[in-house]
Amino acid sequence: VFLPSRTANSQDVPAPPCTVAVVAPVPVVRQWLTPPELVDEAIWVIREAVALATKTVLLFSGGKDSAVLLHLAHLAFAPDPAPLELLHVDTSHNFDETISFRDDAAARYALPLTVASVQDSIDAGRVEDHGGSRNALQSTTLLDAVAHHRYDVILGGARRDEDRARAKERIFSHRGPSGAWDPDRQRPEPWNLTSGDLEPGGQLRVFPLSNWTEADVWRFTVDTGLEHSSLYFAHRRVVVERDGLLVPVSALVPAAPGEAAVERTVRFRTVGDATCTAAVASTASNPLEVLAETIAADVSERGATRIDDRSGDAAMEDRKTGGYF
Amino acid sequence: MGSISRVAFLGGVDDGKSTLLGRTLVAAGALRSDQLDDLAEASRRHRDTDVDLSLITDGLRHERAASITLDVAYRHLVIGDRRVLLADCPGHRSLTANAFTGVAGAQVAVVLVDASRGPTEQTWRHLALSRLAGVSSVVVCVNKMDLVGFDPHVFDALRASTFATASTLSVPVSVVLPVSALTDCNISAPASELSWFDGPTLFDALSSEPTPAQIPGGHPLRLPVQFARGGVAFGSVACGEVAVGDTLRVLPRGGSARVMAVSTWRDRRQHAASGAVRVELSGAIPARGDVLAAPNDPPLTTTSLAGEFCWFSTSPPHPDAPVVVQLGPQRLPARASCGAVLDLERGAWHLGSVEPSSIVELFLDLDTPAWVDTAVPALRRVLVSDPTTGEVLAAGSIREGRR
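Heads up: the protein sequence lines correspond to chains G and F, in order.
Last residue of the first sequence: number 336 in our numbering, and the count goes up by one each step with no gaps.
Last residue of the second sequence: number 429 in our numbering, and the count goes up by one each step with no gaps.
Bound-form chain G, shown alone:
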């Protein structure tokens, strides 16, 4: 496997051990292996995206899906550098661990990283901050950055198993100049073939991990020894219990009056806007243990961790029709 070497001056994120002794009784069955056709499909899609593009950008947040996507983009062209740039749409509602992981990864893969700030969009009056989650506000910042840098093909790490609106989107999602997803007007995509012709001024959102599951992300991580932010592994953290979710306490999210802030051993299944990402109780400290937990989980990734998607059964669809990725 072509793994980029760590640079000497990279910030040292404590990396989880990737080769570990298995603790639980683990049968050697297929569910522990990454289906090779998913990797081949993702690489095929990434190469197709780059070939269709004038300028390709990969949305990289430092989260696990974008880390897998970045590594696949690297593998698709290695040992040549991947012909693309990285963009992080930064809500400023971050976990410190995500940001240091993001910068470290960009340096290791030696790819240019642009950070587009939602706070700048708010300060410039482009969007209005109503408090709370900034997930929906990201769309304007993303579209402004795409226009400024003239990106026409945008790779994202979204998976169809995340959400029922995502389950409906094409791998190659043609969007108009406003970036809006129109679920009633998707182009046919038989055999994963797409019409490479963009609408005038339009853009192409491409999702190479469409057919991956949360467990596949961890299978691939185990297979390749890929690193992820330390947030995904068990650690001690001060949280409050709110509506059945473990909400991390921070300067952005203080404990409400009457709520008991307690230190628990937790990890994150998804990492997003820090004001709306909940943790799960877990002692899984390495990718194999996380994989075992993911396969056995009784609650979906979003159900367990996303506070904002509980606000309605079409929350994701509404964001996507507004230009969200």
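Hints in this document: simulated from the structure, not taken from any laboratory.
Treat the numbers as computed from the prediction; the structure is a model and nothing was measured.
No residue lacks a Cβ here, since even glycine has one placed at the ideal position from N, Cα and C.
Watch out, some of these pointers could steer you wrong.
[What the hints assert, rightly or not] Straight-line Cα separation of at most 25 Å, SDA-like style, residue types lysine to any residue; simulated pairs:
1. Lys66(G) <-> Thr414(F)
2. Lys66(G) <-> Gly333(G)
3. Lys66(G) <-> Arg255(F)
4. Lys66(G) <-> Arg71(F)
[As the list claims (entries may be wrong)] If you want a taste of the chain F side facing chain G, the calculated C-beta under 8 Å gives, among others:
5. Leu96
6. Ala130
7. Trp222
8. Ser262
9. Leu409
[As the list claims (entries may be wrong)] Some but not every residue of chain F turned toward chain G, in silico, with C-beta under 7 Å:
10. Gly131
11. Arg185
12. Leu405
Starting from the known structure of chain G, fit chain F onto it as the hints suggest.
Just chain F now, with coordinates in the frame of chain G:
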């Protein structure tokens, strides 16, 4: 052999497809507790009922409001020890392009028939689309058996007419099953109401379907070039094997190149027989759209293609209108003219008007030569689109190239 079976569910409006799919997901344990809670809440809100299984995959606002599947949804599940990726395809005729998106790429199609009204034109269309899309087997489910009192005579008559039409349309129907999605009859387990039926359950049929090799064995190398930089070509081996030291033809460009190095995403190696590869070459420099081929048995290069297509556009093909043909990584300016249209009821080809969702014979005259290999599915599949709007007009499969 792939480790994931891709299965498409197809059925006409009100044949009960979304309910069957929801039942399948519930019976396979594919829904987690919060998703079941969401389903119960949505059922109360949209349907005023306890659990409406069809709401599981109808995920969009318009779909839930109108009780109709508008576009394909994809869901993961495990049946037996087989991992399955399900594509829930819309049934309405005006949404054929979306249904074709779902079935093209699947190995198995599950086509529904409503036992109380029998097969419709949409049933035959779905069978014909399954064949055109290249599925290796079709499972026909005669659903709503409860509405006909689980009568074996009704089922036998429907099974006979299904096999008869499938045969005239050359559709590889492997089995016809009686089921009732509402009550999980013969879906995950045999049902006492259907004790007269000695065939498999739907789950048996799906877990025993072999995942077929798409690539013919012993076929010479075909490596379409997706992306190239200098003397380095990136692509996926469609068939055959590429090995260090080989001398390969570069088509349609002409010339030959020697393979200096081969690597996959895992490692550098001496040869590769499938999947995504990177190949270093010395000699002719390929570009996107070329194919690297075995020198003694190259694919046909031609400017004239004929094949069978599903026509999607609301305006019929016009022989003077420019189109773009995509065949693998080739993007080819062309003109398209229409031959015969498939009569779904009789399985016969005749001259007639082309409507959206018609299955038609198209002749493609290319401005420049292209390569094609009709023996390999990935090397004969084609999209035809409008060069100005990007609208996909048709998708299909080349049957014949003429020198």
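> Against chain G, with CB atoms and a cut of 7 Å, does the hint on Arg185(F) hold up?
Replying inline: violated, 29 Å
>> Less than 8 Å between beta-carbons is the criterion; does Leu409(F) satisfy it with respect to chain G?
In response: holds, 5 Å
>> Let's test the interface hint: is any C-beta of chain G closer than 8 Å to that of Ser262(F)?
In response: Nearest chain G Cβ about 6 Å off; hint holds.
>> For a C-alpha distance cap of 25 Å, please report whether Lys66(G) and Arg71(F) respect it.
In response: violated, 45 Å
>> Holds or violated: Lys66(G) and Arg255(F), Cα atoms, limit 25 Å.
In response: holds, 16 Å
> Would the hint on Gly131(F) stand, with a C-beta cut-off of 7 Å toward chain G?
Replying inline: It holds, given that the least Cβ distance between Gly131(F) and chain G is near 5 Å, below 7 Å.
> Under the criterion of a CB-CB separation shorter than 8 Å, is Ala130(F) in contact with chain G as hinted?
Replying inline: holds, 3 Å
> When the nearest CB of chain G is found for Leu96(F), is that gap smaller than 8 Å?
Replying inline: Result: holds, 7 Å to nearest chain G Cβ.
> For the hint on Leu405(F), does the least C-beta distance to chain G fall short of 7 Å?
Replying inline: violated, 11 Å
> Straight-line Cα separation of Lys66(G) and Thr414(F) no greater than 25 Å?
Replying inline: holds, 21 Å
> Going by Cβ atoms only, is Trp222(F) closer than 8 Å to chain G?
Replying inline: violated, 36 Å
> Are Lys66(G) and Gly333(G) close enough, with their CA atoms no more than 25 Å apart?
Replying inline: Satisfied, since the Cα-Cα distance of roughly 23 Å is no more than 25 Å.
Violated hints, listed in ascending order, are 4, 7, 11, 12; each of the other numbered hints is respected by the structure.
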